[in-house]
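Peer 1: Model the full structure from these sequences, guided by the hints.
If you count by the numbering used here, then the sequence shown holds residues 1 to 141, one letter each, in order.
Derived from the structure by calculation, the hints contain no laboratory data.
Incorrect hints may have been included.
[As the list claims (entries may be wrong)] No more than 20 Å apart at the CA atoms, straight line, and that leaves these computed lysine to aspartate or glutamate pairs for DMTMM-like:
# : residue 1 : residue 2
1 : K95       : D24
2 : K95       : E111
3 : K95       : D35
4 : K95       : D110
5 : K95       : D23
Being a predicted model, the structure only gives us computed values, none of them experimental.
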Amino acid sequence: MGLMAGVFWLYAHTIMPGLRRTDDRTFVGAFQAIDRAIVNPWFLPMFFGALVLTGAAAALSDGAVLAWTLAAFVLYLAVVAITFRVHLPRNDAIKASTDPDLATVRARFDEAAWARWNVVRALASTAALACLAWGLAEYSP
1 MGLMAGVFWL YAHTIMPGLR RTDDRTFVGA FQAIDRAIVN PWFLPMFFGA LVLTGAAAAL
61 SDGAVLAWTL AAFVLYLAVV AITFRVHLPR NDAIKASTDP DLATVRARFD EAAWARWNVV
121 RALASTAALA CLAWGLAEYS P
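Peer 2: Written as structure tokens, this is what we have:
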């Protein structure tokens, strides 16, 4: 969960602001390259593992620990939903684009909406991490 929160924050405070300052050709090319690179054997298990492991932790919990773990699960489930609803369609469209008008490609991508929803993912995954930490603090065998 902490690794995923870090990934989303890195996009929020470094990658997207850096790309925002570039011309259309650089933005489209760099985003395409970054998005192709992130779908890899390191990222995908982290992305889905945060949800699966939090769900497993909830299944094995009870009492206050269960409440905090379920809260973390719901928060990260929202992150997954946002990713599938907001980010993946934009990412796939920009990767598949063959339009030579890169300003149009960039405008259709709507980087402001992508970045805004990414901050929501960063906040939700950070809150999920905090819930897991609090649940751990509540745990007493």
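Peer 1: So, for every hint listed, does it hold in this structure?
Peer 2: These are the hints, each one checked on the structure:
1. With a C-alpha separation of about 14 Å, the suggested pair K95 and D24 falls inside the 20 Å cut-off, and the hint holds.
2. Pair hint K95 plus E111 holds up; C-alpha atoms about 14 Å apart against a cutoff of 20 Å.
3. Between K95 and D35 the CA atoms are separated by roughly 8 Å; this keeps the pair inside 20 Å, and the hint holds.
4. For a cut-off of 20 Å, the pair hint linking K95 to D110 stands: about 14 Å separates their Cα positions.
5. Proposed proximity of K95 and D23 is supported: the alpha carbons are some 17 Å apart, at most 20 Å.
Hint violations for this structure: none, all hints satisfied.
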